[in-house]
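**Q** Each chain, letter by letter, is given below.
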Amino acid sequence: MAGVYISDIGMTKFGRRKESLQNLMYEAYANSISGQEPQFDAVFVGCMNPDEFVGDSNLATLIVDHLGLYQKPSVRIDNAPASGSAAFEQAFFSVASGHYKNVLVLAGEKMSNLPTTKTTRILSKLIDKYERSTGATMPALAALVTRRYMHEYGLGREELAQAAVKNHHNGTLNPYAQFQKEITVEEVLKSKMISDPLRLYDCASISDGACAVILTSNKTDVKVTGIGHATDFLSLQYRDSLTSFNATKIAAKRAYEMAKKKPKDIDVAEVHDAFTILEIVNPEDLGFYKPGEGVTALINGKTELSGELPINTSGGLKARGHPVGATGLAQICEIVWQLRGEAEKRQVKANIGLCHNIGGFVNNNIVTILENC
Amino acid sequence: MKSSICKCGKIVALNRKLCPYCGKPMTTIEHENEAEVLTYTTLFTVPEGFNAPIFLVLVKLENGAKLLCESKNENNLRIGKKGRVIFENKKYYFVGK
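Line by line, the protein sequences give chains A and S.
All the letters of the first sequence, read from the start, carry residue numbers 1 to 373 under this note's numbering.
All the letters of the second sequence, read from the start, carry residue numbers 1 to 97 under this note's numbering.
Bound-form chain S, shown alone (with noise of 0.2 Å):
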């Protein structure tokens, strides 16, 4: 799992080069994969050229970062719920313990 940390204290999920809060360069950085659900929802209007439904976790990584990504299914799907996020078919799925 990969973040970039900025000089300024602030961490995003994935890689990004200009720091969104101060614009400054940033250092990718590797972690653990540990993550924790803030929220969730299950789409059913998706955009053309997506199958519904998708189901959609906004999880907080352990280094505190948020990241979008989806789950497999809704079971056990609930706040605060902790699991891993994992990296298959080009997309982040959440994976709960």
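If we strip away everything but chain A, and leave its shape as in the complex, we get (with noise of 0.2 Å):
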């Protein structure tokens, strides 16, 4: 197998944006490419639903088209909000087999066009159709999980809010995020109701964004050495635990074992964190905390960028915002600039970083891992 490496990288900036799906794109692209033009051989594109959030159907030759790009072979990859982390899985099996040599990996969505009503039924496709057929949505499904979790390990409210807090400092930190600006825990718990216990400022944002990352199998300072990824039952119904989710468990075993790395060895990890309930599941899942124990880190600062595993830097979905096709990449894109000294304002020193990318209600994940080299 061909080693698999990152050159370039670069995002938009995050948030409500005024330009069409493919001008984001093209921004990610532009951005990203830092000397002469790179030349590759393929395009992948990460997006989840471009069909109903912006009328576009055959992404994938649109955006080739778009960017002067026409000939190269593409391909649109959907995999609900893992589509960006699976555009790049695919990618990379691409330059491991030794088929191409350098590939573009872009992934973006555009939603903040629709009303949030219209929005929030796009995303409730997301789940079994008994499920959804009760009105449930994902953050209805979410707040099921938290009071469950709240029973089981006394997670208090107050707490929840500090995941908000401190993803939301990092985003002060991050010039692509959607938001910088600092909340405290009082604003998160005034915050409008969405589905209790779970407040407006529980809940990832609706945002427009891109990114855009080239593969290669020239040696660079930053090496892929790790992709799991793996499913789980479409129905919360069929789960056998509603505090801890296997799709993680399990892709984060495969990832661990294709990378000869425990948990233990991850420096710094972005984490879907849709709701504030998943920062304190996902890391629990990943194996740096025991179950229960993800809150205790949280309040702790442990995951702070001071802290011993610095979780989130770039501000997390909570604060960066949550194009969903695009939030796989653009954790890609953090932890790149995190192996190599770019963060700036929020970088932490790391030379082993880890990305978790949930698809659908934590049912189909990917977990990366990058290292210097």
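Hint data in this document are derived by calculation from the structure and do not stem from the laboratory.
Glycine included, C-beta positions come from ideal geometry on N, C-alpha and C.
Accuracy of the hints is not assured; some may be wrong.
Claimed, not checked - If you want a taste of the chain A side facing chain S, the calculated C-beta under 8 Å gives, among others:
1) Thr-117
2) Lys-118
3) Thr-134
4) Ala-136
5) Arg-148
6) Asp-196
7) Gln-237
8) Tyr-238
Bring the two chains, given one by one in their own frames, into a single complex with the hints.
**A** In structure tokens, the structure reads:
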């Protein structure tokens, strides 16, 4: 298997953007070019639902046409909110196999142009048909998990708010983040109730944005050493546990085995905090903390920038914003910046980083490990 | 109340042709509608086409299968509360004892 390395990366600022999806992807691509225009063999486009969000299908062709990259092979990868990391994964395989030497991965989503009820309906289609027939939404399923976690482990409502406060602080240091302002626990607890006990500030935002990453078989300073991918039941009803997710545990196990690493070897991680409860559960499922101890790690500052294992240095989905198809690749960009020492005010000391991207309601997850070399 | 049972020993709520755990055909069984609340939420921000609020309850049926259903109100909902599941207007509702 050929070694797979990361060369240029770039992203747009996330948030409510006026530009079209293809112009956001162009902006990310243009931001990635550091020297002379790169040459690559194929384009992998991660996007969850351009058909409903912006009314375009055949996005892979639209993008190569728009960027002047016609004739190159191009494919769109939809893997729910793990589309960005899935496009990265497929691009990785294409280089690892030796079939391509250099490939461009683009990932993006434009969501903010629709009314919230319509966006909520589109996102609810990620849920099992019976379960969504009740009106259940992604925040509702997260609320069910939150209440159960509070019951089993004694998690307090104020403690949960700390996840949003921490990630908003990190967001103030990230020029690409949608939200670059501090928030307080009181503000979280006063924000609009979405699905009891989760409030607006417990939920990642509706956002627009795009990212670009070039993978190459030529040695660079960052190598992709592990990728693990696992699925779980679409329906929450079939899961064994309501406070831990097998798709994360199995994907992480596979990534650690491939990279020959253990959870304690990871210096920095981007985890999929679509809801504050996931900032607590994900580090447990990734093996960083024991079940029920994710909250202790959070409130004791172990996961903040100066902590033993900084998590979501970018601000995470909560503060960076969550354009669903772009998120997985935005996590990769953040870890590459951290490994290269280019994360500016939010820089931490790191040689090995991990990304954890969730598709659906925690049922199609991808864990990626990147290392300095 | 109906559930589906598989030779592998797994039981899931309602009718399902193939077992989600092993892929083999499932058999439908009828049983009592006793249930216990595992967790619940009141949903205020609902998708297009629904009216807020929606009281969602995830229950454990007497055979161990889980079912997401609704409640007509949020009164007295708590984890561990016992009750039964009724089918009304094409929806499953949890009614506490």
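**Q** Now tell me if each hint is right for this structure.
**A** A quick look at each hint next to the structure:
1. Thr-117: Nearest chain S Cβ about 4 Å off; hint holds.
2. Lys-118: holds (5 Å)
3. Thr-134: Status holds, d = 6 Å.
4. Ala-136: For A:Ala-136, the interface hint holds, since the closest Cβ of chain S sits about 6 Å away, which is under 8 Å.
5. Arg-148: Holds: closest Cβ of chain S sits about 4 Å from A:Arg-148, inside 8 Å.
6. Asp-196: holds (4 Å)
7. Gln-237: Since chain S brings a Cβ to about 4 Å from A:Gln-237, closer than 8 Å, the hint holds.
8. Tyr-238: holds (5 Å)
Violated hints: none; the structure is consistent with every hint.
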